[in-house]
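Protein chains in written order, with the working numbering: chain A, 1 to 229; chain B, 230 to 309.
Keep in mind the hints are simulated off the structure, nothing from the lab. The structure presented is a predicted model; accordingly, all values stated were derived computationally and were not measured.
Where chain A lies over chain B, by a calculated footprint (3+ residues, C-beta under 8 Å):
1. 242-248
2. 298-307
The list that follows gives simulated cross-link-like pairs (lysine to aspartate or glutamate, EDC-like), each with its CA atoms no further than 16 Å apart:
3. B/270 to A/55
4. B/279 to B/307
5. B/241 to A/150
6. A/195 to A/123
7. B/240 to A/150
8. B/240 to A/151
9. A/65 to B/293
10. B/270 to B/303
11. A/30 to A/43
12. B/241 to A/151
Some residues of chain B that are not near chain A, with every Cβ distance over 10 Å (derived):
13. 231
14. 255
15. 259
16. 260
17. 261
18. 267
19. 269
20. 273
21. 278
22. 279
Ideal placement from N, C-alpha and C gives every residue a C-beta, glycine not left out.
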Amino acid sequence: MDVSLIIFPGANCDKDTSLAIKHITGKHPKHVWYKETTLPKSDLVILPGGFSHGDYLRSGAIAAKAPIIKDLIKKSADGIYVLGICNGFQILTECGLLQGSLIKNNSLKFVSRNVRLRVIRNDTIFTSNFKENEDVNMPIAHHDGNFYIDDNSLKKIEEEGRVAFRYIENNAKHSPYNPNGSLNDIAGVYNENFKILGLMPHPERAIDKITGGDHGAKIFESMFHSLSQ
Amino acid sequence: MIKVTVYITLKKDVLDPQGKAIHVALNNMGFDKINGVRQGKLIEINLDTKDFDEAKEQVKKMSEQLLTNPIIEDFTIELE
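Looking at chain A on its own, in the form it has when it is part of the complex:
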């Protein structure tokens, strides 16, 4: 499995994500600077979390116009798999590879804590190692994670089963369980052909039991198992 990781100025989860990939696959992904114009040969491209370009204008808006994104859009039309985590998710919505938008958390606060998530389907390359409707824990850390989309498009996303993860009730004393006001408690969505996934939680921060849980590792394991065959 060839993995590329696009690095933007202001990214801060690139090393964790790189480590997660190494942890699961045995080798680090290729790091690709945002000013590059062509992606190396990749089965999967990951856009890591962080604060690309300081979140200026809108989170992900400026990164979405980076030279490398043009090639990403082209290659995703050819069938490459794409994963956007947190700021990576924001960049994917801003460049049009995913629908919707991540607006300011309804609390107006930066929220950094663990959330309980439901894995809605386990038949995509990103979730094949989960059980159907499995409930997992992953950390979030964001200010703009409030998934918004117009009513008709939301209905279509739901009908097509393109919700990947939902925030659900947990036993902790966090209230409300939906940390940001996302419509339908959406924490992650797929594109039309399920080859592109964007999610606000950080799976790369949940790959080891000694550092707060390993539920996120299953996303990397799913991708590895699906794409190595």
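Since the structure of chain A is already known, use the hints to place chain B on it.
Below, chain B without anything else, positioned relative to chain A:
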């Protein structure tokens, strides 16, 4: 040179928690006749041209392609 101002506002259906926070703060300060507050953005662009039509066309493209996100925002352009 033409100075162009782009006013960016959240679409009516999009919740604006910042506007709401401002609304509450103003109420707390004693301004009690407020019926709603929405927060937006203003971007000023100076263009090296004398052609108003060209300026408007250029800034419209900029607004559609980068300055605004059409899913959540509307914009108006003012030239001077």
